[in-house]
Amino acid sequence: PPLDGVTLCDNLQAYVERKLFTLNTGHAITAYLGFIRGYGTILQSINDPEVEAVVKGAMEESAQVLVKRYGFDPEAHAAYIARILQRFKNPYLLDEVMRVGRDPLRKPD
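In this text, residue positions in the sequence shown follow my numbering: the first is 1, and each later residue adds one.
If you are wondering where the hints come from, they were derived from the structure by calculation, not from laboratory data.
Don't be surprised by glycine CBs; every beta carbon is placed ideally from N, CA and C.
Among the hints, erroneous ones may be present.
As the list claims (entries may be wrong) - Pairs of lysine-lysine, BS3-like flavour, derived with a Cα cap of 27 angstroms:
id	residue 1	residue 2
1	K56	K19
2	K19	K68
3	K89	K56
4	K68	K56
5	K19	K89
What the hints assert, rightly or not - Cβ pair distances, simulated, as ranges:
id	residue 1	residue 2	range
6	R69	P91	32 to 40 angstroms
7	Y92	G38	20 to 28 angstroms
8	E50	P1	43 to 51 angstroms
9	P1	R37	40 to 48 angstroms
10	L8	D48	34 to 42 angstroms
11	G38	Q64	26 to 34 angstroms
12	G57	K19	28 to 36 angstroms
13	E50	M98	14 to 22 angstroms
14	D10	D48	37 to 45 angstroms
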């Protein structure tokens with residue numbers, strides 16, 4: 001039976017890279033820029049319009065490569081980015097920039 005929110009695929013690597021270069025990248029950039037601006041949480045950081053613009057731009061730029069390389073639907077990928085940005089703005093997820101931004105070499109994992 002189909003599972004809501006689960007995508008079956010033949011190329012798992014495509015979805016791993018999509019997560020790394022969209023979600024993880026956006027999360028890390030939000031943390032780094034938030035830290036520089038003196039914010040304590042991802043929510044505070046992403047609510048800064050300049051931070052959000054940079055984060056969204058970086059995710060859109062990586063999307064161009066992912067769409068070209070793996071054939072993701074551009075509209076579906078844009079919706080994925082929008083969902084991620086909404087997740088970062090969730091007031092119930094109090095994620096600290098120090099936690100997200102620490103140990104940057106583990107982010108690509």
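Cross-check of the supplied hints:
Restraint check for K56 and K19: satisfied, since their Cα atoms lie roughly 14 angstroms apart, inside the 27 angstroms limit. Pair hint K19 plus K68 holds up; C-alpha atoms about 16 angstroms apart against a cutoff of 27 angstroms. Pair hint K89 plus K56 holds up; C-alpha atoms about 13 angstroms apart against a cutoff of 27 angstroms. The suggested pairing of K68 with K56 holds, with an alpha-carbon distance near 18 angstroms, which does not exceed 27 angstroms.
The straight-line distance between the Cα atoms of K19 and K89 is roughly 18 angstroms, inside the 27 angstroms bound, and the hint therefore holds. The given range of 32 to 40 angstroms is respected by R69 and P91, whose C-beta atoms sit roughly 35 angstroms from each other. Restraint check, Y92 to G38: a C-beta distance of roughly 23 angstroms satisfies the suggested window 20 to 28 angstroms. A C-beta distance of roughly 45 angstroms is found between E50 and P1, which places it inside the suggested range of 43 to 51 angstroms.
In this structure the hint that P1 and R37 lie 40 to 48 angstroms apart at CB holds, the actual value being about 46 angstroms. Here the CB-CB span from L8 to D48 is close to 38 angstroms, well matched to the stated 34 to 42 angstroms. Distance hint for G38 and Q64: a CB-CB separation of about 32 angstroms, consistent with the stated range 26 to 34 angstroms. Restraint check, G57 to K19: a C-beta distance of roughly 19 angstroms breaks the suggested window 28 to 36 angstroms.
Against the hinted window of 14 to 22 angstroms, the Cβ-Cβ separation of E50 and M98 comes to about 20 angstroms, which satisfies the hint. Distance hint check: the CB atoms of D10 and D48 are about 40 angstroms apart, consistent with the given range 37 to 45 angstroms.
Hint 12 from the list above is the single one not met by this structure.
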